[in-house]
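As given, the protein sequences belong to chains C and D, one line each in that order. Following our numbering, the numbering of the first sequence begins with 14 at its first residue and continues without gaps. Following our numbering, the numbering of the second sequence begins with 14 at its first residue and continues without gaps.
Treat the hints with care, since some could be wrong.
Under 8 Å between C-beta atoms, here's a sample of chain C residues computed to sit facing chain D [what the hints assert, rightly or not]:
id, residue
1, Val16
2, Ala91
3, Phe92
4, Glu95
5, Gly97
6, Leu160
7, Thr164
8, Pro167
9, Lys170
10, Asn187
11, His206
12, Phe297
Label pairs and their in silico Cβ distance ranges [claimed, not checked]:
id, chain 1, residue 1, chain 2, residue 2, range
13, D, Ala263, C, Asn113, 50 to 60 Å
14, D, Ala291, C, Trp44, 52 to 62 Å
15, C, Trp44, D, Ser243, 16 to 26 Å
16, D, Ala304, C, Arg74, 48 to 58 Å
17, C, Asp163, D, Pro60, 25 to 35 Å
18, D, Gln296, C, Glu55, 55 to 65 Å
19, D, Ala304, C, Gln197, 47 to 57 Å
What the hints contain is simulated information worked out from the structure, not anything from laboratory work. Values in this document were obtained by computation on a predicted structure and should not be read as measured data. Heads up, the beta-carbon is just placed ideally off N, CA and C, and yes, glycines get one too.
There are 2 protein chains.
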Amino acid sequence: MTVSHYSVRLNAAIQAKRTPALVGLDPRLDWLPPDVMAHARELHSDPAAVAAAAFEEFCVRLIDVVAPLVPAVKPQAAFFEELGPDGCLALARVMRYARNSGLIVICDGKRGDIGTTAEAYARAYLAGADPQAAPWHADALTVNPYLGRDTLEPFVKVATERGAGIYVLVKTSNPGSASFQDRQADGQSIYRHVAQVVEELSEQTAVDGFGCVGAVVGATYPQELAELRSAMPHVPLLVPGYGSQGGAAADVGAAFTATGLGALVNNSRGINFAYRSAPYAEQFGAKQWEAAAEAATRRMIADLAEHTSAGVL
Amino acid sequence: MTVSHYSVRLNAAIQAKRTPALVGLDPRLDWLPPDVMAHARELHSDPAAVAAAAFEEFCVRLIDVVAPLVPAVKPQAAFFEELGPDGCLALARVMRYARNSGLIVICDGKRGDIGTTAEAYARAYLAGADPQAAPWHADALTVNPYLGRDTLEPFVKVATERGAGIYVLVKTSNPGSASFQDRQADGQSIYRHVAQVVEELSEQTAVDGFGCVGAVVGATYPQELAELRSAMPHVPLLVPGYGSQGGAAADVGAAFTATGLGALVNNSRGINFAYRSAPYAEQFGAKQWEAAAEAATRRMIADLAEHTSAGVL
Chain C
14 MTVSHYSVRL
24 NAAIQAKRTP
34 ALVGLDPRLD
44 WLPPDVMAHA
54 RELHSDPAAV
64 AAAAFEEFCV
74 RLIDVVAPLV
84 PAVKPQAAFF
94 EELGPDGCLA
104 LARVMRYARN
114 SGLIVICDGK
124 RGDIGTTAEA
134 YARAYLAGAD
144 PQAAPWHADA
154 LTVNPYLGRD
164 TLEPFVKVAT
174 ERGAGIYVLV
184 KTSNPGSASF
194 QDRQADGQSI
204 YRHVAQVVEE
214 LSEQTAVDGF
224 GCVGAVVGAT
234 YPQELAELRS
244 AMPHVPLLVP
254 GYGSQGGAAA
264 DVGAAFTATG
274 LGALVNNSRG
284 INFAYRSAPY
294 AEQFGAKQWE
304 AAAEAATRRM
314 IADLAEHTSA
324 GVL
Chain D
14 MTVSHYSVRL
24 NAAIQAKRTP
34 ALVGLDPRLD
44 WLPPDVMAHA
54 RELHSDPAAV
64 AAAAFEEFCV
74 RLIDVVAPLV
84 PAVKPQAAFF
94 EELGPDGCLA
104 LARVMRYARN
114 SGLIVICDGK
124 RGDIGTTAEA
134 YARAYLAGAD
144 PQAAPWHADA
154 LTVNPYLGRD
164 TLEPFVKVAT
174 ERGAGIYVLV
184 KTSNPGSASF
194 QDRQADGQSI
204 YRHVAQVVEE
214 LSEQTAVDGF
224 GCVGAVVGAT
234 YPQELAELRS
244 AMPHVPLLVP
254 GYGSQGGAAA
264 DVGAAFTATG
274 LGALVNNSRG
284 INFAYRSAPY
294 AEQFGAKQWE
304 AAAEAATRRM
314 IADLAEHTSA
324 GVL
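Pulled out of the complex, with its shape left as it was, chain C reads as follows (with noise of 0.2 Å):
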């Protein structure tokens, strides 16, 4: 059987809809619209089993709003988690919804274990180009390296079998990610040692020059972007940190290719929560939050058509 190679379907996605903005799906309880919260009261008693149906509500609202408008969202899995078992099986419903809109699903988990464990991860969430081949329907995942390389290698098998992408973390977006991620070891950073290993592990599986194993890079660090653009170039990146961490569209351009691919960069609490911050919150009001995150995704798009290669999508 062939299955669609990740970065193939990714890539065309954002042909598509012409643009590498990602949503981030972040639910939070304390922000969420007064309106999805009455929905889910008049559903529900049970605390969690209210706020599971608000975080369902919310986030297929936002996707019906994004879903025309960007390639892909990534669900944060901790907001679900914290939950419990009610908000797993939210984030279950959401990232197949997030699929049936024809969205590419990166769920953010920031897995990571040993051998047959890591290969547990791997199935639990890659369903890859057949939405149904795991429970968690995600088109890819984020993966934490910090166990070692013999670790990526059972996402990558089940990734490559699945049509399915990894996003490895390599210089996160966290002010305090020099802590280990940048440490010189023989004669280079950490993160530098783990990018070695990513783009290693992404030219072995690329397809039209990009494979399955992507980089997560955070917005915030500019320099380290480009030089690691430069160092991965079969490697597809996920950049977080534009809007509310502080990155900015300018910051953002060397993660792109002279074509605008490459890079997807990823907005949450700038879209999710528009509606509560200005200008946002004085134009629409919590009423109309949809309204608000579109206007955000639409500000977010323009923003990297016009300082990014992303303009010539």
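Chain C is fixed; fit chain D onto it per the hints.
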């Protein structure tokens, strides 16, 4: 409100059971005993529901076997997640059952993320002294340090508040753990840099000598285990790799203080599926899988008592 400190509760449990043996709960569908599968098939027809019911029965019966013998169990999240939302519900039920059976429960999820996302994982898993404080009911969670020190701190904050613990991956048991962990940077290995942060965080939270920030150090690296025990005097260790992965009791001796405290030694497959391997397969067979698990647990306890300072407990 005063909450009981994680290490105080853990050490009391180790002294009450007079062993540092930790039983991993690693249900694997292909290896489950026939009677467990038959019961699950009587109750359900959907494959994920059958598997989840089988995982739950298997783990509950295993907990009944080991609860009188050992202080703690360590469910592996990956195997449950592989079943999708049904598996997550089974995991929550298994952890609650283990807590109600008087066991310390260490959820092996190897989570890690930045800022408020890390805090969401912490709040999800770290119930600590009050089993109802988090939907996953765990006393402790394994955590991946790659993202940096600032991403460990939210876990430490929640753990301190709730009387819970975390175990940070320092030197893992897999053959490829050298890839990044053993790189020499600024005069010492990356795992030593991680160990230094873990020791600092644990010293700040220490009561009676041990803090709530533990470390995972593989039994398969006895020299590094000795080095790390000495580098992290306030840190409770979780030592995987005994048994199926090749570690022997003599290899883990260095993990303990003179009073037999300071470490838990994990065995998963060797106990869970003792009935499938020599010498238990011949003696017990599949129908007596619980007797095989009990014999394997007692053998491990005796082995640790004979070859390490755990004998003085």
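Enumerate the violated hints, using their earlier numbering and listing them in ascending order. 1, 8, 9, 12, 15
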